[in-house]
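Let chain F serve as the given structure and place chains C and S on it in line with the hints.
Read top to bottom, the protein sequences are chains F, C and S. Residues in the first sequence are numbered consecutively from 1, following this note's numbering. Residues in the second sequence are numbered consecutively from 391, following this note's numbering. Residues in the third sequence are numbered consecutively from 781, following this note's numbering.
These are computed hints drawn from the structure, not numbers from a lab. Note that beta-carbon positions come from the ideal geometry of N, C-alpha and C, so glycine has one too. A hint or two may mislead.
Derived coverage of chain S by chain C (criterion: at least 3 residues anywhere in the stretch with Cβ under 8 Å from a Cβ of chain C; other residues may be distant) [claimed, not checked]:
| no. | stretch |
| --- | --- |
| 1 | 818 to 826 |
| 2 | 841 to 850 |
| 3 | 1128 to 1135 |
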Amino acid sequence: MKKIEKLNLSNYGHDFLRTWDKSIDHLKATLAVAQTLRDWHRKGISPKVFTSGIAVSVFRDKSTRTKYSYAAAANLLGLEIEDLDEKKSQITHGETITETVNMLSFLTRTIGVRDDIFLGVGHNYMVDVANAADWGYKNGVLDQRPSVINLQCDEDHPTQSLSDMLHLINYFGGIEKLHNKKLTMSWAYSPSYGKPLSVPQGVIALMTRFGMDITLAYPKGYNLIPEIEAYAGREAKKGDGSFRITNDMGEAFKDADIVYPKSWAPYDVMKERTKLLKNQDDKGLDGLEHEALAQNAKHKDWTCTEKLMKQTHQGKALYMHCLPADISGVSCKEGEVDAGVFEAYKKQTYTQAGYKPFIIAAMILLTQFGEKTPNVLRSLEKRKQPIVLL
Amino acid sequence: MKKIEKLNLSNYGHDFLRTWDKSIDHLKATLAVAQTLRDWHRKGISPKVFTSGIAVSVFRDKSTRTKYSYAAAANLLGLEIEDLDEKKSQITHGETITETVNMLSFLTRTIGVRDDIFLGVGHNYMVDVANAADWGYKNGVLDQRPSVINLQCDEDHPTQSLSDMLHLINYFGGIEKLHNKKLTMSWAYSPSYGKPLSVPQGVIALMTRFGMDITLAYPKGYNLIPEIEAYAGREAKKGDGSFRITNDMGEAFKDADIVYPKSWAPYDVMKERTKLLKNQDDKGLDGLEHEALAQNAKHKDWTCTEKLMKQTHQGKALYMHCLPADISGVSCKEGEVDAGVFEAYKKQTYTQAGYKPFIIAAMILLTQFGEKTPNVLRSLEKRKQPIVLL
Amino acid sequence: MKKIEKLNLSNYGHDFLRTWDKSIDHLKATLAVAQTLRDWHRKGISPKVFTSGIAVSVFRDKSTRTKYSYAAAANLLGLEIEDLDEKKSQITHGETITETVNMLSFLTRTIGVRDDIFLGVGHNYMVDVANAADWGYKNGVLDQRPSVINLQCDEDHPTQSLSDMLHLINYFGGIEKLHNKKLTMSWAYSPSYGKPLSVPQGVIALMTRFGMDITLAYPKGYNLIPEIEAYAGREAKKGDGSFRITNDMGEAFKDADIVYPKSWAPYDVMKERTKLLKNQDDKGLDGLEHEALAQNAKHKDWTCTEKLMKQTHQGKALYMHCLPADISGVSCKEGEVDAGVFEAYKKQTYTQAGYKPFIIAAMILLTQFGEKTPNVLRSLEKRKQPIVLL
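Chain F on its own, in the form it takes in the complex (with noise of 0.2 Å):
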């Protein structure tokens, strides 16, 4: 809590949208929020901030893990979900972003967004979505702002990459130990495309900040948004970590203190695939997965083998995955790592998912009491609500 009061959280903004748009102090406060609404659970002392309010959720693409904890975030705080179904609604007849926000934000404290599958899409309309906010809080029609959270994008995860260095807090006791511990995200073999860029994304761009040392590891051609490798190599150079990028997944492993093996599809299937979309053509996007798949298949090797984690640092990383994973022998034949090696970190990923609800819990009150925040926190210490009344 007095970390919190020491950092300069002005600016911190209505919304949070990708890592790279807070400071250093808005993402450690962000950690810190999150962290003690995490203790304060296992003690079972209540941050119910809200009476009433609403959370409005907008799916655009499948999700189980981040749902659930966007949900939960929101009950915990006080607030009540209501999903935006664009299906069932009249939006299909034309009605502008604009419109749609205002109309779902009268009684409104949050409005998460997934929108993950085409490429230069999904943060422009977050982007929308904020100045749809803006204006009708402006012009008197919204009492109140709704934040604008990103529960993935095309370009960041950030309740992702900050839930799993929420957890990499925790597994190495401090944020201060996280200075250059090496950190490999590397690309993995599924037998599945398409998988979306924001998760390593999020990962480079944001641990880069920390002092850590990055590698990132994927097949030539398989790069990610080359605006955002490059930040994440600016962002190292500023302190003392570094940013790397290697086509040897073996030798990125060497020494690695953690190692992150995803799947994703390479930027350049992704731009294709998204243009193709667009346009709706169905034959060109068969013909697309074909291809893409039949190139993944090139890379059967690069997985994560229990003789490849041995090349870590002591043998002993730690394995990471945003889940769910492709195990091999479990949810596919050959996938992105080995049943052994998944089953020993088992405990460890799941943790590492349970930091989602409350860093998406921190993102809400920061998001909607900025400055005062500590002052906030303060208080629920003080009130010290049980979650179970008894």
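Relative to the frame of chain F, chains C and S by itself:
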């Protein structure tokens, strides 16, 4: 508050189905309670009156803003939405309405229903729902009588018309200011067909009772349900207001204080469509759609242009719409309203929509508490529970 | 309340999967807690014990009343529903049950599951869910162990059978009054096929343990799972009750105090159907349906007529049904029961259904608080929080 206490709230009834089932005092109370809740929300005061309880919703047609408004109203008062998805339920199984309603009402305070597709069906269905709730309550199956709230039927759309009216009251500075204000409810061209009649019907049936001068304008053949047009005429004569029908949009806009240009399907088309829908006559429906769209296309000049707006009182009539509007050049090529007109009044139409959650909450309070409602409000005012607990 | 305190609640367990996993004291406690909550609801006293928390629901088959009852029970205690729509999630992605359950349990107090379509699947799935929750709790992934509640499986439907029993207790004036009451659970004709066996199985397995005289009647070949029939026979012998099977509906109704005529699919048909469903053998399924319906049609005389009701004890047996019933001339041409019989007992069957939310709430309390449940109830009774805050 004092105004509410002076009104005669006896026989308010357990449901809100149509404004014409309510006395002037009932309607004034609904408006005044909604205004109170709206003011409290701005001040951050919570009217949460239920510790727990369910608000069932049944949407037999698409909805975004009314669905949200109902959910937000329920949440504001402490109720949780349980959406009845008739496809996922066993209702197709031949279950009676009495049974379904009772099964969904054991811990339920309100049942919101949208059923606006079939002429002669929606209102009757809601009456059946209300009777079923009565039966259950009288026979001790239910501990409380849930309120049935009309979220749009074939005849009326009271949560809309009362939001519209509350907007007018705020815009003009008091209910008494509405006397002899000239409101033009006009048909307007839309590239779609089959839009319900309930919005214009709701407006003319409600506003004529408050001394307004109502002009209903439509091309020949585009009349509403005749009985409701006749009702509006009779009600206008009772007071100092007026009601007239014209087939000339330009003439109808002349000197108007308020204009409400909106598309609807002619009564005869809706009757035919209802018959075809009941017979599941897809070919017939296609034919009717084709014919109706061709008919509509003859009236593309029925559109709210900037030029037309200049003909209104001092060129400054208030433009209204229940949203979403068909905006020429924005949501369609040619539609109900010019982009310039819509844009100029965007803040107003959004504000108009923003009353709906509070109108619905007022209906729930008044149907649940009847004559005790002013006492309930006094208690809540005294309690002064903040929406944000700090 | 005093009765509850005298019962042995140790080893109540974290889940409620089947009544035969529970001791007589566990069952009596479930009934007594449910009755207490039911009485409180009538008096307007709230048992809200959770400030926040999630109640996950997983419905793998259609549901109206159980879905509502689960939602209402959760809401009554302060929990919010998060419905897992397996189609909109990433679960088809090959994710393990352990993972899904943990991902949905971070802030979850209860997981309600309906899985009644496949013989040999439903109960086993729930055991897997419970084991997954155990794993997460023991490994510190979860702060609390969510309760798994069976909302109908292939073997048992405990929220139904216990609601049925609570209805009987209230109808006859006490649990001790059920001793040697003659209950006839009878197969009845329905124009549909494939109805689960869990309702009749649940009734015979539960009620034989409370000293009732149970007659199970069905046409030859329409038997239930043999092990459960055998269990009912053994349990009846332990006490002063009895259990017998007959193939004569008329004889079974003679002198009955209670009749429960309801359709189900023969065990052999369900076994065959399960096999075909697993193989996605649509042609085979069509054939089986055709055959089974033809078989059923030979037993149209197995229907609860007014004439048959006159053969019961003093012609006044209590008619029961889990609803919805196939009512001859109402929901189908020929079905399980005459319209006249159904109508005469409508108030009773609806009241019977009304216990379900309270049975579920009791299961949640007892699985969450175990031996501490009486203390929890004492606290809540003392607190006396009103459902309607005035």
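Evaluation of the provided hints:
1. 818 to 826: holds (count 3)
2. 841 to 850: holds (count 7)
3. 1128 to 1135: holds (count 4)
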